[in-house]
Amino acid sequence: MNEIKSPYKFVGTAPIRPDGVPKVTGVAKFGNDFTLPGTLHGKILRSPHAHALIKSIDTSKAEALPGVKAVMTAADFPDQNFAYVGPARVQVNFWHITRNIMAREKVLYDGHAVAAVAATSAAIAAEAISLIEVDYEVLPHVIDVDEAMAEDAPLLFEDMITRGVEPAPTKPSNVARNVVFEIGDIDAGFAEADEIVEGEYKTKPVHQGYIEPHACLARYDPDGQGELWSASQGHFVVRNLTAKIVGMKLGNLKVNPAEIGGGFGGKTVVYLEPVAMVLSKKAGAPVRLAMGRDEVFRATGPTSGASMWVKVGAKKDGTITAAQGVFKFQSGAFPGSPVMNACMCAFAPYDIPNQRAEGFDVVSNRPKAAAYRAPGSPISNFAAESTLDILAKKIGMDPLEFRQKNAAHIGTQTIAGPKLAHEGYSETVDAILEHPGYKAELGPNQGRGVASGYWFNGAGESGATVYVNADGTVVVATGSPDIGGSRASMAIMAAETLGIEYDQVRATVNDTTSVPYTHVTGGSRVTYASGMAVIGACEKVIEDLRARAAIIWDVDVDAVVWEDGHARPASSNVGDFDPLSLADIAAKAAATGGPIGTSNSVAAGGQAPGFCTQFVDVEVDPDTGKVTILRAVCAQDAGRAIHKGYVEGQMQGGVVQGIGWALNEEYIYDDKGRLSNAGFLDYRVPVASDLPFIETIVVEVPNPNHPFGVKGVGEVNICPTMAAIGNAIANAVGRRMDSLPMSPPKLLEALDHRDGGEL
Amino acid sequence: MEGDVTVRVVFTDGLSHLYTDGKKEFEIQARNLRGVIKALDAQYPGLAEHLEEETTVAIDGEIHESGNYVQPVREGSEVFFIPKLEGG
Numbered sequence: 001m002n003e004i005k006s007p008y009k010f011v012g013t014a015p016i017r018p019d020g021v022p023k024v025t026g027v028a029k030f031g032n033d034f035t036l037p038g039t040l041h042g043k044i045l046r047s048p049h050a051h052a053l054i055k056s057i058d059t060s061k062a063e064a065l066p067g068v069k070a071v072m073t074a075a076d077f078p079d080q081n082f083a084y085v086g087p088a089r090v091q092v093n094f095w096h097i098t099r100n101i102m103a104r105e106k107v108l109y110d111g112h113a114v115a116a117v118a119a120t121s122a123a124i125a126a127e128a129i130s131l132i133e134v135d136y137e138v139l140p141h142v143i144d145v146d147e148a149m150a151e152d153a154p155l156l157f158e159d160m161i162t163r164g165v166e167p168a169p170t171k172p173s174n175v176a177r178n179v180v181f182e183i184g185d186i187d188a189g190f191a192e193a194d195e196i197v198e199g200e201y202k203t204k205p206v207h208q209g210y211i212e213p214h215a216c217l218a219r220y221d222p223d224g225q226g227e228l229w230s231a232s233q234g235h236f237v238v239r240n241l242t243a244k245i246v247g248m249k250l251g252n253l254k255v256n257p258a259e260i261g262g263g264f265g266g267k268t269v270v271y272l273e274p275v276a277m278v279l280s281k282k283a284g285a286p287v288r289l290a291m292g293r294d295e296v297f298r299a300t301g302p303t304s305g306a307s308m309w310v311k312v313g314a315k316k317d318g319t320i321t322a323a324q325g326v327f328k329f330q331s332g333a334f335p336g337s338p339v340m341n342a343c344m345c346a347f348a349p350y351d352i353p354n355q356r357a358e359g360f361d362v363v364s365n366r367p368k369a370a371a372y373r374a375p376g377s378p379i380s381n382f383a384a385e386s387t388l389d390i391l392a393k394k395i396g397m398d399p400l401e402f403r404q405k406n407a408a409h410i411g412t413q414t415i416a417g418p419k420l421a422h423e424g425y426s427e428t429v430d431a432i433l434e435h436p437g438y439k440a441e442l443g444p445n446q447g448r449g450v451a452s453g454y455w456f457n458g459a460g461e462s463g464a465t466v467y468v469n470a471d472g473t474v475v476v477a478t479g480s481p482d483i484g485g486s487r488a489s490m491a492i493m494a495a496e497t498l499g500i501e502y503d504q505v506r507a508t509v510n511d512t513t514s515v516p517y518t519h520v521t522g523g524s525r526v527t528y529a530s531g532m533a534v535i536g537a538c539e540k541v542i543e544d545l546r547a548r549a550a551i552i553w554d555v556d557v558d559a560v561v562w563e564d565g566h567a568r569p570a571s572s573n574v575g576d577f578d579p580l581s582l583a584d585i586a587a588k589a590a591a592t593g594g595p596i597g598t599s600n601s602v603a604a605g606g607q608a609p610g611f612c613t614q615f616v617d618v619e620v621d622p623d624t625g626k627v628t629i630l631r632a633v634c635a636q637d638a639g640r641a642i643h644k645g646y647v648e649g650q651m652q653g654g655v656v657q658g659i660g661w662a663l664n665e666e667y668i669y670d671d672k673g674r675l676s677n678a679g680f681l682d683y684r685v686p687v688a689s690d691l692p693f694i695e696t697i698v699v700e701v702p703n704p705n706h707p708f709g710v711k712g713v714g715e716v717n718i719c720p721t722m723a724a725i726g727n728a729i730a731n732a733v734g735r736r737m738d739s740l741p742m743s744p745p746k747l748l749e750a751l752d753h754r755d756g757g758e759l
Numbered sequence: 760m761e762g763d764v765t766v767r768v769v770f771t772d773g774l775s776h777l778y779t780d781g782k783k784e785f786e787i788q789a790r791n792l793r794g795v796i797k798a799l800d801a802q803y804p805g806l807a808e809h810l811e812e813e814t815t816v817a818i819d820g821e822i823h824e825s826g827n828y829v830q831p832v833r834e835g836s837e838v839f840f841i842p843k844l845e846g847g
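Going down the list, the protein sequences come from chains A and B. Residues 1 to 759, numbered by our numbering, are exactly what the first sequence covers, in order. Residues 760 to 847, numbered by our numbering, are exactly what the second sequence covers, in order.
Pulled out of the complex, with its shape left as it was, chain A reads as follows (with noise of 0.2 Å):
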């Protein structure tokens, strides 16, 4: 087969990524390595109870203790207004984020802040943190969301009415909020069906589990300006977050991106930033702030835990004529989880005329939910993606062919709204059905199971700046923290629009004050839209360098053109000139009107949604319930692969994290409410002993939105990983597991009742 020769010199290969020596070496700074002079240690007192009044705090006694620098409470931030503000999925209160940093009337889960002080050693920090003395009144506390639903379940909020539901309830509940969306008729749709399926699911709310904790240092002038030095996913939203809680002008505070240890979405919030300046502003020195792996665990956002019940019919042939999803998701201590996310990408990937989701955002005493890798999609996933593969069976249909035939495509009507605009689902399950692997003859106790998943991807605003050196070297500075290999894509596409070589461009992140505003690193949006962001100013500066160019031969500027990283006479009746390099033009930079360089916002739309099919193989071990993953094979719709290695890193985190999800990640709590594996050692994520070679097909069905055809791949690929391995172990031990983990106390549950009737 001949190869199709790529028309780039750079978009699509891997080069050695900027950031690798300085990580090896230990030279990358994160967000725990600053320092400044002075610099105090900052310590947080944290609730030992899941739910508590607040009667009292009494923090004298830490006051007095030599070395103690400040102490603060909750009532050291000024107070906000109770009001939803922002878009409907995103939506935040500053009443609740103010009160998850610091709690103020009520503590709502084990390892909510209290207190914090600032000390000029660890030691003392964490002794004056125990001469804190904290009055509480325990109170009555629920974790399980379908128990937090229950008409006696203890309150959280004795004021919270669900949002959403017409006419209002009179009743307070835990329930704040209900969403339904629907399309054609749900009724009629089942009504057409000659085999429907329907069942109920549960799911575990998982951390992220980034391995660095949150860290930051944060200093306070006299003058009332601030600066910050934090490892987040987006440092201009931390900045607006800080001075919002803190109460500060956003030109008064200037924050400095780190590298970053994971986040993963975890990380699209603050929890220290905001008490760091304040003990900074109480202090007058600079404070450090930074957790530990318990803190990370009982104290930040894990993703939702949910209940579902989902219901699919279909003809004999295989068409799918409808699907209902309920979709009950833990918030955590605040309103806010990712349901609506998940009612609108259950059952994206096909063309179903008649859909119902309806879904519930419920308050429990957990950390608050964070965005977590396609927030809200894999949870639902799991639960239509397993339906799904019953309903195949009871058809008959190979599972890959039976989700082909159902396949959305250009035109199809989602259940958000518009009708779809791009193809790739399609291309993901081909890819799949080609693969060898996939007929592959298994052994005993080995089961196969396929699923695939949907992801919105995000776009939005991004700002780059690029600047030309007099030697023809490039900067290109984003505001988009590096977590996924950015700053290789980003100069990647600098090279390949200059038509420079790769390792002429160094891509940086700059801080809030040198780079225009840019949304965070999420939702798998830098490489599309940062990258259009890059892409601008590169442009701007080929019309700058061209114009040099003229001068410097003294045309006009029409008569030069850009090619292959030169200026060049546009035509031969231009005159005899000998083409002009980036780095000739450069080192005349002074003569032909100074320093060359640009910035360029986007407000980027047009992003294509992702898709991905995965197959996953098992083999179930009859005597502990162990399912052993033997061979994972990814296919996800990357538009066009910037940077092919970081692509194929992305698939196969995203698959080793929903690998987790699927079979060991969980939360356990004594009957206080006490988390009691808050560490790596008992709350499981995978490591590389557990784990395959994770086998990536990078399908492409360019983006025509983007000037490379770019489609974000940070998200999707965790999406269908959790149904695909329950569908492997199905098909393996004939059980069919409808809760998360499938751990193997489970498994073994499963197994002893084997003969009790499945599937």
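A portion of the hints provided could be inaccurate.
[To be verified] Here are the simulated lysine-lysine pairs, DSS-like style, with alpha carbons at most 25 Å apart: (1) Lys-419(A) / Lys-782(B); (2) Lys-746(A) / Lys-311(A); (3) Lys-644(A) / Lys-9(A); (4) Lys-202(A) / Lys-393(A); (5) Lys-282(A) / Lys-244(A); (6) Lys-405(A) / Lys-419(A); (7) Lys-419(A) / Lys-783(B); (8) Lys-419(A) / Lys-797(B).
Because the hints were derived from the structure by calculation, they are not lab data. In this text, all values refer to a predicted model and were calculated from it rather than measured experimentally.
Fit chain B to the supplied structure of chain A, relying on the hints for placement.
The following block gives chain B in isolation, referenced to the frame of chain A:
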């Protein structure tokens, strides 16, 4: 205005209940997204601010997360206002 085309605007149930007395579909004359929003605001004063702050726009299925004013619309375009996106 010269250059305006006719587009079909659709709101979700939630938005229509909140802001347009339950009306979900509109025919609007405009040339770009700014024109669409202005025309809707003329019918429901104050609506523009809500749309700009709270919604993502899909024009013929293409998502425009930030509701960029200058985004053009075509004759017969379908313009959906849906809740904004987030990600991990």
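How the hints compare with the structure:
1. A C-alpha spacing of about 20 Å is found between Lys-419(A) and Lys-782(B), which places the hinted pair at or below 25 Å, so the restraint holds.
2. Between Lys-746(A) and Lys-311(A) the alpha-carbon distance is near 24 Å, which keeps this suggested pair within the 25 Å criterion.
3. A threshold of 25 Å between alpha carbons decides the hint, and for Lys-644(A) with Lys-9(A) the separation of about 13 Å falls inside it, so the pair holds.
4. For the proposed pair Lys-202(A) and Lys-393(A), the alpha carbon gap of about 22 Å is at most 25 Å, so the pair holds.
5. Taking the CA atoms of Lys-282(A) and Lys-244(A), the gap is near 18 Å; set against the 25 Å cutoff, the hint holds.
6. For the hint pairing Lys-405(A) with Lys-419(A), the CA-to-CA distance comes to about 18 Å; that is within 25 Å, so the pair holds.
7. As the CA atoms of Lys-419(A) and Lys-783(B) are separated by approximately 16 Å, the hinted pair is consistent with the 25 Å bound.
8. Among the hinted pairs, Lys-419(A) with Lys-797(B) is consistent with the structure: their alpha-carbon atoms are about 24 Å apart, no more than 25 Å.
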